[in-house]
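Participant: Single-letter residue listing:
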Amino acid sequence: MAKRRLKNDNVRVLDSLPMLIVCIAAVSALYFVCLTKLASNNTMRYMIQIFLYITMAQMWNLLSGFTGMTSLGQQLNIGLAGYSVAIATTKLHLSLGMGLLMGVGVSVVVALLMSLILYRMEGMYFSIATWVVAEIFEKLFLNWKYVGQGSGMTIRVVPYPRINEICVVALTVCVLAVAAVYFLLRTRIGLGLTAMRDDISAASAVGVNVFNHKLFVYTIAAAFTAVAAGIFLVNKGIVYPESGFSISWTISLVFIVIVGGSGTVGGPIVGAVIYVFLQEYLARFPGWSNIILGAITILTILFLPKGIMGTLQEKLGFEIFSAKRFSYSKRR
Amino acid sequence: MEEILEFMNVNAGYGRVQILDDLSFSVEKGQVYGVIGPNGSGKTTMFNALLGLIKPSAGKIIFDGVDITRMSSNVRCKMGLGRTFQIPRPFENMSLYENVLVAAVHGGSHSERFAKDVALSSLKQTGLYDKREIRAGELTLLDRKRLEIARALGTEPKLLLLDEVAAGLTEAEVKEIMELVANLKAAGYSIIWIEHIIETMVGSTDYLMCMAQGKSVAQGEPREVIGSAEVQRLYLGVDDDE
Numbered sequence: 014m015a016k017r018r019l020k021n022d023n024v025r026v027l028d029s030l031p032m033l034i035v036c037i038a039a040v041s042a043l044y045f046v047c048l049t050k051l052a053s054n055n056t057m058r059y060m061i062q063i064f065l066y067i068t069m070a071q072m073w074n075l076l077s078g079f080t081g082m083t084s085l086g087q088q089l090n091i092g093l094a095g096y097s098v099a100i101a102t103t104k105l106h107l108s109l110g111m112g113l114l115m116g117v118g119v120s121v122v123v124a125l126l127m128s129l130i131l132y133r134m135e136g137m138y139f140s141i142a143t144w145v146v147a148e149i150f151e152k153l154f155l156n157w158k159y160v161g162q163g164s165g166m167t168i169r170v171v172p173y174p175r176i177n178e179i180c181v182v183a184l185t186v187c188v189l190a191v192a193a194v195y196f197l198l199r200t201r202i203g204l205g206l207t208a209m210r211d212d213i214s215a216a217s218a219v220g221v222n223v224f225n226h227k228l229f230v231y232t233i234a235a236a237f238t239a240v241a242a243g244i245f246l247v248n249k250g251i252v253y254p255e256s257g258f259s260i261s262w263t264i265s266l267v268f269i270v271i272v273g274g275s276g277t278v279g280g281p282i283v284g285a286v287i288y289v290f291l292q293e294y295l296a297r298f299p300g301w302s303n304i305i306l307g308a309i310t311i312l313t314i315l316f317l318p319k320g321i322m323g324t325l326q327e328k329l330g331f332e333i334f335s336a337k338r339f340s341y342s343k344r345r
Numbered sequence: 056m057e058e059i060l061e062f063m064n065v066n067a068g069y070g071r072v073q074i075l076d077d078l079s080f081s082v083e084k085g086q087v088y089g090v091i092g093p094n095g096s097g098k099t100t101m102f103n104a105l106l107g108l109i110k111p112s113a114g115k116i117i118f119d120g121v122d123i124t125r126m127s128s129n130v131r132c133k134m135g136l137g138r139t140f141q142i143p144r145p146f147e148n149m150s151l152y153e154n155v156l157v158a159a160v161h162g163g164s165h166s167e168r169f170a171k172d173v174a175l176s177s178l179k180q181t182g183l184y185d186k187r188e189i190r191a192g193e194l195t196l197l198d199r200k201r202l203e204i205a206r207a208l209g210t211e212p213k214l215l216l217l218d219e220v221a222a223g224l225t226e227a228e229v230k231e232i233m234e235l236v237a238n239l240k241a242a243g244y245s246i247i248w249i250e251h252i253i254e255t256m257v258g259s260t261d262y263l264m265c266m267a268q269g270k271s272v273a274q275g276e277p278r279e280v281i282g283s284a285e286v287q288r289l290y291l292g293v294d295d296d297e
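Listed in order, the protein sequences are those of chains F and G.
Counting from 1 along the first sequence, just add 13 to a position and that's the residue number in this note's numbering.
Counting from 1 along the second sequence, just add 55 to a position and that's the residue number in this note's numbering.
Because the hints were derived from the structure by calculation, they are not lab data.
Take these hints with a grain of salt, some might be off.
To be verified - Have a look at the derived ranges for each label pair, beta carbon to beta carbon: (1) G/184 with F/178: 50 to 58 Å; (2) G/223 with F/38: 36 to 44 Å; (3) G/108 with F/196: 48 to 56 Å; (4) F/138 with G/184: 37 to 45 Å; (5) F/32 with G/121: 42 to 50 Å.
Said to hold, decoys possible - Heads up, incomplete: computed chain F residues facing chain G, CB under 10 Å, no partners named: (6) 158; (7) 162; (8) 201; (9) 204; (10) 205; (11) 207; (12) 211; (13) 221; (14) 224; (15) 276; (16) 338; (17) 340; (18) 341.
What the hints assert, rightly or not - Negatives, chain F to chain G, calculated, CB over 12 Å: (19) 53; (20) 122; (21) 193; (22) 206; (23) 214; (24) 218; (25) 219; (26) 220; (27) 232; (28) 259.
In this text, a Cβ means the ideal position worked out from N, Cα and C, and glycines have one as well.
I would like the entire structure built from these sequences, with the hints used as guidance.
Facilitator: Put into structure tokens, the structure is as follows:
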């Protein structure tokens, strides 16, 4: 069951029991490290970043790699979540949990409203439009007195959670995000999404309700991105328009997904680990980091178009976390 | 005979350019209905109106007794309108099986478990069964055309729309497609078939319509339509006066 060999194709899928055991073992080990404070605070800070980037990149990959909706506006959800948490905790004196919930709520409502205009566009038009909408929100917040205009807001959470608590929450969000993408791709909606990525008109012609599918993934992506960003910005302690709604968020996600492997569930995980360490290293060369990240992205597209995971899977002839359907397995 | 499809005085076009001009025709159940006509005569526009990709400005389209003029295209698909694309548009990164599975799950509204049987039988009917695990992007043109048909069959259509499925194929391959269509007719499908190759149409259709400038200029038994003065003039440039 674990390795099913295809007749005409050299792809094996590693899933079911052994894969499940490995995943549970890995996740348990991470929980153990977070809960027992086995790792130093510094290590945990890296871990938090990795978990949150995996979450956000997983969502960008769901949009772009699996559905063909290449959004350049994920920073919209990030900014909205940051301000929601800031308003909830600092102005309204609510708990961090309520703040994160508010972030999700606001992002989802905005995502639903955007459905009116955004999903009529495809390809480049969609990408540019998502970016423009995020820019509009940045300008709105720049001029909004209640949220401190250009100087932004500090996020004061009382009581401030300990770092290992944040780490556990971040890990939980990350695991939920990966599981959500994995299981979503195995449903009928996932099948429709994959078809839409390859050819949206043909998908519509064979009965896929393109609008509903787009609405569904865009909303899920908004919700998960918002939670992850909320935790991220609490850790930073401040949010202002240029940082919250900055395109550089999405650039990071593009880097992670492209380098890790677009259209694979493993890709964003690998990419996020690389990104966090690389970013740390590049901090020594102020001003150069985006140029270097951009150059690496371009080189990857040129020489390793399927990214690290995609290339590994192709070379070794296996797929992990695959949603591929087979005609001869009894399970599907 | 009962009618599966009726166009009633349909006007349609793109923006201000009107292509279909008061077009009326009807297709009976179980019929292979051929449509010919020079380039720009409105054949594909007729398909687009039928599929809901453009909205008619006047007239009605009745499919299986229901007025579908204002319905969206994926609803029409679920009601039983299956189409093929003139230039095949497979889901290239998915296997043939997955290609047809999408159709059976979404167009056929089945659970994946049940859709599997539908998908496999569609692949059998089109002769692609042995290749079902190959990536669709690796197929030859003939097999891509077959996959178009298999995918349309996966939606369990009552009426199958074939848009130039024989175009670009060699003579031997065209014969294979003709055989496939004959088998589909025998299996009880109603079919509308747009094609340029007149020989193919005379041999494979029950009824033929010739279109020009968005209108139907001749309808009837295929041989008679091909032989009519209007069609001769359109296709061969022979003028009535000469």
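Participant: Each hint needs a verdict: does it hold in this structure or not?
Facilitator: Consistency of the hints with the structure:
With their beta carbons about 56 Å apart, residue 184 of chain G and residue 178 of chain F fall inside the hinted range of 50 to 58 Å. Judged by the Cβ atoms, the range 36 to 44 Å given for residue 223 of chain G and residue 38 of chain F is violated: they are separated by roughly 54 Å. Distance hint check: the CB atoms of residue 108 of chain G and residue 196 of chain F are about 33 Å apart, inconsistent with the given range 48 to 56 Å. Separated by about 40 Å at the C-beta atoms, residue 138 of chain F and residue 184 of chain G satisfy the suggested range of 37 to 45 Å.
Under the hint 42 to 50 Å, the C-beta atoms of residue 32 of chain F and residue 121 of chain G, about 48 Å apart, fit the expected range. Given hint, residue 158 of chain F at the interface with chain G, is violated; its Cβ is 45 Å from that chain's nearest Cβ, farther than 10 Å. The interface hint given for residue 162 of chain F is broken, as the beta carbon of that residue sits about 45 Å from the closest beta carbon of chain G, more than 10 Å. For residue 201 of chain F, the interface hint holds, the least distance from its beta-carbon to any beta-carbon of chain G being 5 Å, beneath 10 Å.
Checking residue 204 of chain F against chain G by beta carbon gives a least distance of about 5 Å; that is within 10 Å, so the hint holds. Checking residue 205 of chain F against chain G: minimum C-beta separation of about 6 Å stays under 10 Å; hint holds. Given hint, residue 207 of chain F at the interface with chain G, holds; its Cβ is 6 Å from that chain's nearest Cβ, closer than 10 Å. A hinted interface residue such as residue 211 of chain F counts as satisfied when its beta carbon comes closer than 10 Å to some beta carbon of chain G; here the least separation is about 4 Å, so the hint holds.
The interface hint given for residue 221 of chain F is met, as the beta carbon of that residue sits about 5 Å from the closest beta carbon of chain G, less than 10 Å. This hint holds: residue 224 of chain F has a C-beta 9 Å from the nearest C-beta of chain G, less than the 10 Å allowed. Satisfaction of the interface hint for residue 276 of chain F is found here, the shortest Cβ-Cβ separation to chain G being roughly 8 Å, below the 10 Å cut-off. A hinted interface residue such as residue 338 of chain F counts as satisfied when its beta carbon comes closer than 10 Å to some beta carbon of chain G; here the least separation is about 5 Å, so the hint holds.
Because the smallest distance between the Cβ of residue 340 of chain F and any Cβ of chain G comes to about 4 Å, under 10 Å, the interface hint for this residue holds. Taken as an interface hint, residue 341 of chain F checks out: its beta carbon lies about 8 Å from the nearest beta carbon of chain G, inside 10 Å. The claim that residue 53 of chain F lies off the interface holds: its Cβ sits roughly 43 Å from the closest Cβ of chain G, which is beyond the 12 Å cut-off. The beta carbon of residue 122 of chain F sits about 25 Å from the closest Cβ of chain G, which is more than 12 Å, so the claim that it is off the interface holds.
With a closest Cβ-Cβ approach of about 19 Å to chain G, residue 193 of chain F is found to remain outside the 12 Å limit, as its non-interface label requires. Against the 12 Å criterion, residue 206 of chain F falls within the reach of chain G, whose nearest CB is about 10 Å from its own CB. Some Cβ of chain G comes within 12 Å of the Cβ of residue 214 of chain F; the nearest lies about 7 Å off, and the non-interface call is violated. The non-interface label for residue 218 of chain F is inconsistent with chain G: the shortest C-beta to C-beta separation is roughly 5 Å, within 12 Å.
For residue 219 of chain F, the non-interface assignment is contradicted: its Cβ lies about 4 Å from the closest Cβ of chain G, within the 12 Å cut-off. Listed as outside the interface, residue 220 of chain F is inconsistent with that label: its C-beta sits roughly 3 Å from the nearest C-beta of chain G, within the 12 Å cut-off. Distance to chain G confirms residue 232 of chain F as a non-interface residue, since its nearest Cβ pair spans about 20 Å, more than 12 Å. At the 12 Å boundary, the C-beta of residue 259 of chain F stays outside the reach of chain G, the nearest C-beta of that chain being 33 Å off.
Hints 2, 3, 6, 7, 22, 23, 24, 25, 26 from the earlier list are contradicted by this structure; the remaining hints agree with it.
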